[in-house]
Amino acid sequence: MPMLSEVEREAIAISLKVAGSAVGWTLLPGIALAWLLARRDFRGKALLDGFLHLPLVLPPVVVGYLLLISLGRQGWLGQWLDRLFGISLPFTWQGAAVAGGIMAFPLLVRAVRLSLEAVDPKLEAAASTLGANRWRVLATITLPLALPGVITGTLLAFARALSEFGATMTFAANIPGETRTLPLALYSLIQTPGQEAAAARLCVLSIAIAMLALLASEWLARRARRRISERDR
Amino acid sequence: MSRPHDAAAGGLALDVTQRLGDFELAADLALPASGVTALFGASGSGKTSLLRLIAGLDRPDSGGIRLGDETLVDTRRGVFIAPHRRRLGVVFQEARLFPHYRVRGNLTYGMPHASRKRGGAAVSSFDDVVALLGIGALLDRLPGTLSGGEARRVAIGRALLSEPRMLLLDEPLSGLDAPRKHELLRYIGALAKRIDIPILFVSHAPEELTAIADHLVLLERGRVRAQGPLEELLLRFDLTEHLGGFDAASLLEVRVAGHDEAYALSTLHLADGQALAVPRVDAPPGARLRLRVPIRDVALALAPAERTSFRNQLAATVERIDASAGKHGAGHDSVVEVSLRLGEQPLRARLTRKSLDELELEEGMSVIALVRSVAFAERLA
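In order, the protein sequence lines correspond to chains A and B. So for the first sequence, our numbering puts the first residue at 1; every next one is plus one. So for the second sequence, our numbering puts the first residue at 1001; every next one is plus one.
Think of the hints as simulated: they come from the structure by calculation, not from any bench. Take the hints with a grain of salt, since some may be wrong.
Unchecked claim - Pair by pair, the computed Cβ-Cβ distance ranges are:
| no. | chain 1 | residue 1 | chain 2 | residue 2 | range |
| --- | --- | --- | --- | --- | --- |
| 1 | A | 121 | B | 1069 | 27 to 35 Å |
| 2 | A | 43 | B | 1190 | 48 to 56 Å |
| 3 | B | 1019 | A | 45 | 23 to 31 Å |
| 4 | B | 1028 | A | 45 | 37 to 45 Å |
| 5 | B | 1140 | A | 117 | 28 to 36 Å |
| 6 | B | 1144 | A | 216 | 22 to 30 Å |
| 7 | B | 1140 | A | 207 | 39 to 47 Å |
| 8 | A | 84 | B | 1019 | 49 to 57 Å |
| 9 | B | 1044 | A | 216 | 47 to 55 Å |
| 10 | B | 1082 | A | 226 | 32 to 40 Å |
These numbers come from a predicted model, not from an experiment. Where is the CB? At the ideal position from N, CA and C, for every residue including glycine.
So here's chain A without its partners, still in its complex pose (with noise of 0.2 Å):
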């Protein structure tokens, strides 16, 4: 893309690499935790349902305090993962990963119990009595009915991620080439004076980048939704 700057370039990259990966990581422990929302009645459910929209409600800077606290080096987490697999979070774009990743998480979640509820049960015991596994059940009836809301899910948190500043910038903080995202780009542009320009084309990046996101999972829920409940009539 020759329109566009180096600085933009990288900051787009960044993003995408980051947000791709939060995505990535709480894909599957999301749509584990709404399964077990939706499906499963148990002590303390709306304390683990109270406790995963956290990150919805408190500031970001929160969050990421603490991460800071328990995935820093001196963290309890943070030492443990550096000792066994020498992996060190803080100031690294795996780190914004994972800040994006736990302020995306209740987006995702939502998204993907709200059509696990949807998924009727009356399906999935038909197909026990045909003779399918726990397992089978939830990769052939109930995943695939639910897949609208994965989509959906996915696309959002995606986008939450790629948005995501306060956690980010706590935790991994804006460092050039490694952890600066869009919006943190967008931030130190705004801080430095004689870049309004520029900051106004990251604006508008931004904004394009969230909505074709958005866009992109409205198209796919749609089409996923046809091919569950085509008619012919």
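Using the hints provided, position chain B relative to the given structure of chain A.
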């Protein structure tokens, strides 16, 4: 409680209790290892709950369920076989087809892996089932585009192709219009003759069970009121109110002797050689049929009536007279019920108490049964 005589070792036997709110199911029954058993009762009598226990979709509070030698459930020993390991084909009231699979995908969903790969035998069984149920033209359709009757047929085929040890049908005819009902009944009847696994058929409509069932379990408020061969239970005066009341009927087995095309009549022979004339039936000479004879359409005479429009006069013997019929089903105490025998065939009649007294009927007397109408001719073989 009377045990069915032919409850062979291979059949389903259960003795379970389950409490659901105010309702308590406490059923103890044994089914034969072959043929069609109707699980019959008013709505709310626990039919579907019992079916769910058998299929493994619910757990009983206590008791056990066995199929042949295998224990499916035993609460005392903590045995509970998961539904997907029971190999029971279940056809639910709402067909429950998978909306994202085409009809073909639905049909093959439960086919054991071995038969899906093996080709040969399994493919012919797929083709057989598709032909038997008349769903060949639907294979590439999605379930959302099927009519109610078509969807039920696909659901039956899907259950059959999972190679079950028993087929459970939960009111498969509910919500269909009369022609579709009869069509599906014909398919199920044909099926019952072709496959050698037992079929349990949940129903609350008397005409359905007289059409295809061999064996009957009558449920009332969560308990087994009676069980046994259908023909025996249809003769029991005390069950009349459950088995149709005013519309109760008895069954006659007959063989088609010939057709009179000029009058559009068919001649049917009973086992003892007596003949019946009925409106033309669509079955070749020699075919065996099961007739449904409404109790209220059988009248009695002491001598053959001459110059009457009653075409069907059958010599019979009075076996039993039940003066309390009014209390059971017919609704008023002006009527009595009489059970007759034509050779080996039982037949019931309903008449007024006044007629009974005027004719001076007694048990053991020879009479003439006048049959006004027969209904629901069903092919047996």
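Against the structure, test the hints numbered earlier, and report the numbers of the ones violated in rising order.
-> The structure breaks none of the hints.
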